[in-house]
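The lines below spell out each chain.
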Amino acid sequence: MTSNQFTIASPPTDAISALKFSPTPGSTRFVVSSWDKNVYVYDLRDENGNLGEGKLLQKFEHRAPVLDVCFGATEDEIYTAGLDWDVKRIDLATSTQTILSSHDAGVRSVVYSKEHNTVISASWDNTLHVHRMSDDRDTVVASTIIPLPSKPFSMSLTATKLVVAMASRALHIYDLKALSILTGESQGPNPSKVEVEPWQRRESSLKFMTRSVACMPDDAGYASSSIEGRVAVEWFDPSAESQARKYAFKCHRQAQEDVDVVYPVNALAFHPIYGTFASGGGDGVVALWDGIAKRRIRQYQKYPSSVAAVSFSSNGKYLAIAISPGYESGKDDVVDGTVKIYVRELGETEAKGKGAK
Amino acid sequence: MGKKRRGPSLEELLAQPFCYYCAKIFLDLKILISHQKAKHFKCERCGRRLNTAGGLSVHMSQVHKEQLTAVDNALPNRSSLDVEIFGMEGVPEDVIQSHNQRVIAQYQQEEAERQSITGNPPPGASSSGGPPAKKPKVENISDLKKRLAEHKAKKAEARAGGSSGEATPVGAGLTPTSNVAGFSPANPVAPSQAAFSYPQPYGGAGSPYQSTASPVYPSFSPGGQPQFPPSTQYSTPVGYSPQPLPGYGNTPPQLHQQQPLQANPPQTAAFPPRTGSLPAAPSLPQRPAVGAPQVNAYQLQQMHMGHPLPGGSVVPSIPNGERPEATPFSSSIDDLISGAAKEADQAAAAHAALKPAETVEEKPSKKDKSKQSRLVYSDNETSPEEKMARLPRYAFAPDRRMETTLEELPPSAVVGTIRESETIVDPAQ
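Those sequence lines, one after another, are chains A and B. Heads up: the first sequence at position 308 corresponds to 308 in the numbering used here, and the numbers run straight through without jumps. Heads up: the second sequence at position 91 corresponds to 91 in the numbering used here, and the numbers run straight through without jumps.
Fair warning: there could be bad hints in the mix.
For lysine-lysine, the following DSS-like pairs were computed, each having C-alpha atoms within a straight-line distance of at most 27 Å [unchecked claim]:
| # | chain 1 | residue 1 | chain 2 | residue 2 |
| --- | --- | --- | --- | --- |
| 1 | B | K37 | A | K294 |
| 2 | A | K354 | B | K42 |
| 3 | A | K302 | B | K387 |
| 4 | B | K30 | A | K294 |
| 5 | B | K37 | A | K302 |
| 6 | B | K24 | A | K302 |
| 7 | B | K39 | A | K352 |
These stretches of chain B come out as covered by chain A in the derived footprint (C-beta under 8 Å, 3 or more residues) [unchecked claim]:
| # | segment |
| --- | --- |
| 8 | 35 to 47 |
| 9 | 375 to 385 |
Treat the hints as calculated values from the structure; they're not laboratory data. Virtual Cβ for every residue (Gly too), placed ideally from N, Cα, C.
Isolated chain A, as found in the complex:
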């Protein structure tokens, strides 16, 4: 049961900041944002629709390193965020780039909610920008600036909720509908600053800085990871029973001699079908977990450098793994050929939970 794995040709030249598969069913397209200021669009299918080892379709240069990217309503539009402080929409078909808004500092994350036709960006200027898009998504119909108590580090959404993980272990869960309505009230393209009380305000279950957060595909809860080799799984439902189910576990650690070397857990991604999730750590290891049964499903052979991002394809058949050296140490130079994107073709049940036993 060896799963096929291959590397993608022409990867970015500098560290990878984000990698996302297209949510469009059956699509094998994915986007990658990099510190080399480019956003790359790849597809595993060639022009004839045959599945291959993936090729680079397009590349969009930005003025500064790009920190996050996500697909929009279709797989022909993407939204990017980066150190140029801008939130951009890029139409892949026409290659037109539109700036939705600009923050006052680097923009760490960007997400798109299909259900509410809304783009939300989180920036180190301690704000969220909520952009309500026009139906053709060419323009921003309305937008709101929502102040945050701390710097946001990671963001993830479901059909109804937005989870923002911030510094000081703060975590806000917003109700997307409320955000959407609120934003709809503001008129015109000029953003209005609105203090919004999140649906839930939580303190991270992890003692250390939150590294990544990812929501369950069934909209029941989310997983978060920290720089201290740990992952927490929690549920949205504020009832005592649901909250009692939350737990955290250690991972991405290596016992060296007598010291436990603890790596940050840089990336989390849920499997769209099985609801299991993958974690990628600074140790170069990717592990699959069954969050319900609280079991590790499998752990893949160590990759040559730190895992920067992981993503499942919409059909759950592929797992893309982006590795970049020195991602956490902030090392000064990136050696050529050390930034890689692996795509793993998963077996039928490779990412499926086993069920409690």
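Chain B: place on chain A using the hints.
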């Protein structure tokens, strides 16, 4: 210090279960079984853990319609499905035999290595077969005080009664064992020279000598060195005791050594008198006043020497009698005590010497308990991305373009928020 267990005995090693398929050794049968279920009897398709290879085979064929041909993760010659293994059950006898042989061979090799490193006896040969080097040290430390007390008692006793009476018999018992035979025929003179020559080559050999001789050769006394070498070497000096023997009985010689030495600082002078020192024995009581303080000053053991001195005249003979039983080498209380002090040091040193081997074993386990962890990324306030963003090569200075929908901010605020702009010329706002 209690004896340290340095590892499982061979019996324990042989009793440990091992996995038939991969030869891994386990501490516990339960763990072995769970290992086998996880590594060798686990279904690749659904992850179900079966109890035996046969069970897995049936499961594979029934559930997944597949034929299991070999046991996973097994050694090449052990992957057969024919052998029904569960834990240690079903393991063929010859496999067990060869495994045991391997364990034994390995054990012996490790044992030999350890012995060569530490010089320790094999675990089995603890008390009886223990090397002389280590045992006496331990014993002496613990028993010393008792012996000292006994000695004092005897001393007092001896002071009350006649010294020689008791001493000689015992000493006589001693001398035969030592090389009386060899030396006794020798002339009184020759032995004396020999006796004199010994202390030097042996350096710290006879601590008693040195302690007394120290005024002359101070270097010797600190050289007190190992007291075990003395024990062996001493026997030769003892040899010359025969020389006085004929005249005075053998035990006193050791006493004499001290007496004359302290009385006459020059060593050369000290020895000749020694032979004739016995007559001086009665005069010993004087000695304390003269010689003792000097000697004491040199020796660590000075305070101990203080004890013998009062009874100096009588002392030596009696301790001689006792010592041979316990420690062959010590002849006088000074010796004993100085020896004790040194032993303490040496024992410590010896332990220190031994420890490396032991501590190497101990330390990891200690640390395991309180396992320290080291964060690869430990900045809890600033994310890696922010750190990278501050690197000059990623620096970006925003130009406020009008197409943005964001309201203009005061330039100062802009500069303040962007750190990398510090290193960069800020373009026109």
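Do the hints match the structure? See the list:
| no. | hint | result |
| --- | --- | --- |
| 1 | K37/B to K294/A | holds, 19 Å |
| 2 | K354/A to K42/B | holds, 12 Å |
| 3 | K302/A to K387/B | holds, 25 Å |
| 4 | K30/B to K294/A | holds, 23 Å |
| 5 | K37/B to K302/A | holds, 24 Å |
| 6 | K24/B to K302/A | holds, 24 Å |
| 7 | K39/B to K352/A | holds, 19 Å |
| 8 | 35 to 47 | holds (count 4) |
| 9 | 375 to 385 | holds (count 10) |
Every hint from the earlier list agrees with this structure, and none is contradicted.
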